[in-house]
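K.L.:
Line by line, the protein sequences give chains B and C. Counting from 1, position 184 in the first sequence corresponds to residue 185 in the working numbering; the numbering is continuous, with no gaps. Counting from 1, position 310 in the second sequence corresponds to residue 311 in the working numbering; the numbering is continuous, with no gaps.
Check the hints yourself; a few may be wrong.
If chains are identical, the list can't say which one is meant, so a pair holds when it fits in one copy or spans any two.
What the hints assert, rightly or not - For lysine to any residue, the following SDA-like pairs were computed, each having C-alpha atoms within a straight-line distance of at most 25 Å: (1) Lys-628 x Asp-385; (2) Lys-376 x Thr-162; (3) Lys-351 x Ala-364; (4) Lys-600 x Leu-666.
The set of hints was computed from the structure by calculation and includes no laboratory data. Computed from a prediction, not measured in an experiment: that's the story for all the values here.
There are 2 protein chains.
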Amino acid sequence: MNYSGPAIILGYFSGQKMRTVFLFVLPFLFIMQLQAQTHPQLDLMPLPAQVEMGNGELQINPAFSVAITAHDDALLRRAVERFLSHLRGKTGMTALDMSVAKLPPATLVVEVEQPSESVQGAEEDESYSLTVTSAEAHLHSRTALGAMHGLQTFLQLIEATPSGFAVPVVSIEDAPRFPWRGLMIDASRHFMPVDVIERNLDGMEAVKLNVLHWHLSDDQGFRVESKKFPKLQELGSDGLYYTQKQIREVIAFAHDRGIRVVPEFDIPGHTTALLTAYPEFASAPGPFKIERNWGVFNPTLDPTRDATYKFLDALIGEMAGLFPDHYFHIGGDEVNGKEWNGNANIREFKRVHHLATNDDLQAYFNERVERIVTKYGKTMIGWDEILRPNLPKSAVIQSWRGAQSLAEAAKQGHRGILSAGFYLDLVLPASQHYAVDVMPPPAVGLTDEEQKRILGAEACMWAEYVTAENVDSRIWPRMAAIAERFWSPQSVQDIPSMYRRLEVVSRQLDGLGLTHNTSYPIMLRRIAGEDDISNLRTLADVVEPTKGYTRMKTAAVKPTALVPLNRLVDAARPESVTARHFAEMTDAFLANPADANIKSNIEAMLKQWHAAALALSPLEEKSFLMKELAPLSQSLGAVSDAGLQALQHFGEASASAQEWKTQQLSVLDAASQTQAQVTLAIVPAIRKLVEASGGAATASPSK
Amino acid sequence: MNYSGPAIILGYFSGQKMRTVFLFVLPFLFIMQLQAQTHPQLDLMPLPAQVEMGNGELQINPAFSVAITAHDDALLRRAVERFLSHLRGKTGMTALDMSVAKLPPATLVVEVEQPSESVQGAEEDESYSLTVTSAEAHLHSRTALGAMHGLQTFLQLIEATPSGFAVPVVSIEDAPRFPWRGLMIDASRHFMPVDVIERNLDGMEAVKLNVLHWHLSDDQGFRVESKKFPKLQELGSDGLYYTQKQIREVIAFAHDRGIRVVPEFDIPGHTTALLTAYPEFASAPGPFKIERNWGVFNPTLDPTRDATYKFLDALIGEMAGLFPDHYFHIGGDEVNGKEWNGNANIREFKRVHHLATNDDLQAYFNERVERIVTKYGKTMIGWDEILRPNLPKSAVIQSWRGAQSLAEAAKQGHRGILSAGFYLDLVLPASQHYAVDVMPPPAVGLTDEEQKRILGAEACMWAEYVTAENVDSRIWPRMAAIAERFWSPQSVQDIPSMYRRLEVVSRQLDGLGLTHNTSYPIMLRRIAGEDDISNLRTLADVVEPTKGYTRMKTAAVKPTALVPLNRLVDAARPESVTARHFAEMTDAFLANPADANIKSNIEAMLKQWHAAALALSPLEEKSFLMKELAPLSQSLGAVSDAGLQALQHFGEASASAQEWKTQQLSVLDAASQTQAQVTLAIVPAIRKLVEASGGAATASPSK
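Please model the complete structure; the sequences and the hints are all you need to start from.
P.N.:
Here is the structure:
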């Protein structure tokens, strides 16, 4: 590791609202454990544990070469080949001259110590070190997984410079904070074809996630071909399922990217689709029909009959053979107990076996299922509900309930995964997820050993309101910020830095084929019913879908699996970038109202919104999907008008200011309401403008 | 076929510059052979042979159903399933309720008379009739191919209306003008991965093309796995080739879409890659190396040795088994003869066999190859060069030379395909290709029988200057206009109508996953070296790559297979939509200079260009890919300035007007030059403004 000149170390430590920047200029140095430092210009996400910047850069040209000098296996070789393909994508270079060799010299030397596991372990060493000089780059890791992560970091370091593509001279020591960093995709409520899964695996690799938790069965569909129980796919999937060949392909695709695939077959509840195929295992008489609604439903496996366990043994055995991962998820959530209460045999069984409650009965069920799962060489995972005193300690708890529940599991000796706080389907801002720590807070009082049981976390993409078309936009780019929370040191907390880098990563993900950006104009054109979407897009850019669980409550038409997801609420981004930028500009203006430049930028945005609102009005009659947007575009017109008035009369004293302000605030209050299940995300910033304005009772300046 | 009310027939017949619109209102009617008529509002491409509009519309809702009432086979069934999937894509509806049944009632009744051929024939009946009433749609055809075309027409008819998605009441009788409507993709010069081929097959299906001509071998690469001659892919492909499994998948994918796959293995020239693997069949001593340059090269098969034919027999036999199509393309173009002249054995062979010229020798070669191709049950195709007196009449001539050459082939008894005039790699405007007729002009004097030998045409996508990243943008949307030339009646000639519909089709192709639009910002961001590409895009939107074969001649760095295609010339659209719209606006303004609205729109565009040019200037130092654009953005600034001056002083008399005009025209002359291998496509329209302006010698209004 040679630096040709003095190294510049830039580190910033951030917490709450306070940020301090340290700048050292040192002749030569080695720093241990300086966490969360980074060059502010490096667009890395997740941020590495440790970064030291040097001077100069390593040129990337078509003669780029890689040498694999230590352990060399097919997995690593494919990773390097894919790296070269991404490098070509980044630079537009042909890869014809790029070569992979055993020996240096090479532009990038990859040195991996150990052979790869045939089945990726849950706690393999994923650390790597990457040293870039102006002559070459050196990537060192214990495992191929570490090398894969280092290769992704290298790709993120590439930038266009005046003299060509280059990577800055830098030294990175990196390792994940948590070994389990996952994304759960629900392929049951809306089926997600293989290409959706595969492109999301590409995205996951780019941000160093390592677990795809695949939610494969639920009330709305059983999505895997079973050779032993073919009615599962024939009657339980509407024809929308993965063949076993496809499953194997996806697993191989994921394995190549350092990602484990953990299947979930949700039992004993969430089994309407399964019981549609095999009603004989239900707790109530059938027949059942695949569920079209969203919610918690009655159909539940009968936990009192041996036939049920015989069926589960065969099914779990088949699926345990299909999915090589060491872990197997049995769901276990949201059993409402109605069928159990209504079944005399089950009531009698509880009495005979001294199972006082349905929770006790489910615990009994889980213990028997755990023995099956263990028999097939797997470790069982389940949602919070499976946590009961007699549950074997090897079982892993995935918490949708929160830190307290997770901590409880750890205290009882279970390993745990946090998902509360990382529900992507709630369409919350990235910053909100980013603020959730995976480790329960100190107040909970976990010992060191208990803390070690917190394996990591998973974001969840429940699929009530997503299809193959818009699911990427619900996952990305926010997932990248969450991935940073899962990987980077706890001290990495700078939200503006996160958002700045998130925009870069979002574009990077475009290049991988993710459709979070590309599906947007396609959906808007469908809504507009015509090709010119400029005004609709102006509106769409400043709205956000209603958050949390309000969509169901505020729906004019009850949402079901049969209701098209083709409205603005489905196309709108979870987090409006335009609104965030506008809010930043507004804050800057309020901090310095004399800045004419900022003022004119704000004014231009407000005018654009006002003009779009006017222009949209005649279009609302053209297409039925535009019709519901009429109140919304009226609101856009009204709030941009309020903003323009506030800006025009900013700082003016006026006798009627208070009256004007009261009026405008009531306009803003009305415009804050959810309309067509979206909200205008620019209202809070405009409210600040109005509140700070001297105001005036004059006519609107823009009419 | 019942109409609930009077039908309105709208037809327009267009030729050269003349357009006449006929409007009939008739109570009920049936019109035979009224070609090229269409409702101006229907965004169909290619235009059907005959369209009758009715009143009202057929609603499309989630309960949409299809009944297959007559012949039902797996091919048709898959076509209907994919149709439903596209329908879902168009509408955003879930397809869960959409069903396929054997019996009416259904929203769409599909009636096909005959079972499908297992290998699609070159002259199958592709006609269909589609009748839409407000109650149901009825699609009738002889073959599954006709039904596939009708389903695509149905998809293009779908529109958003105030009451929901709908298809207008209409009656369409349609059949292609030519049975052979192809796209040739060169996968040799730059390799095109399977997903590129498959998404282009999706695009081809949408515009009713039926032949993928796959150019699989050339000097720069042999792209198919051979089991018999594995060195072909091992030494002749840089590792970039299709496995036989992939080839079979692509063929099945194409077959499902009514598209034949005709392979081309170019011999005896264009064989450097082949001879790199097997130099023993060359006409000169090896070894050879895969060619990195573009052009015509020396390595050529030795046509005088039996070993060569033994090799070709085995290779053609293997490939004839892999590719089921009845036709087999042997290339045959551009043999420069240098190796033949330099080889004493070959000279002696020619003497002994009375082969006076190298053309005679190649004719001898072709006759022997033709016997091999025929032995394996295939009909041979080759480029113009193979046309020689002794060539068997069954051989098909593909003409890159033009109508005269094609007509000559037809007169000699050969069937022929036109490609001259349809070279997509020349980045010409769609209108230019659209004006080329497939049938040689009457002056050539083909008899009816000779005319029947003109099977159709193929557009050619040669791959010197395209990669997987930008190839779609060279093919689409222009290919759709060419597809209309291949399919629709000769009388369909209205260029404004073509361009209007082309923009709609271009968006439709987005929805199929083609990347002609989505790759654009990705490439621009790479050039900019940053995410904000607004100004670069403004520039890029008004330039076009240098046309024809000038790119090679004007290159600062000699283009080869190793030179990255990552510059503006690679990202820029073949045809600037912005420039076309600007030219239309300019013409409208010059026709009516009093129209203040048009004037202000023109002014806004000019100002935007002027501002972008100023804003780009500092960015040129940031990235090396921006640097070469400095003269171009200066030109953009200068020409938009000239346009603004012309506009400002339009109609003013001025003593110094002539001097001003001379100055401005010299600015425009300079800006007309190709810079960085692109041209500013807005210059001609600005020139018109300057020439029509009174002009003024005052200072620039925009400085």
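K.L.:
Compare the structure with each hint and give your call.
P.N.:
Hints, verified against the model:
1. Lys-628 x Asp-385: Neither: 43 Å inside a copy, 58 Å across copies.
2. Lys-376 x Thr-162: neither (57 Å within a copy, 59 Å between copies)
3. Lys-351 x Ala-364: Only inside one copy: Lys-351 and Ala-364 sit 12 Å apart there, 90 Å across copies, limit 25 Å.
4. Lys-600 x Leu-666: within (21 Å within a copy, 40 Å between copies)
Going through the hint list in order, the structure does not satisfy hints 1 and 2.
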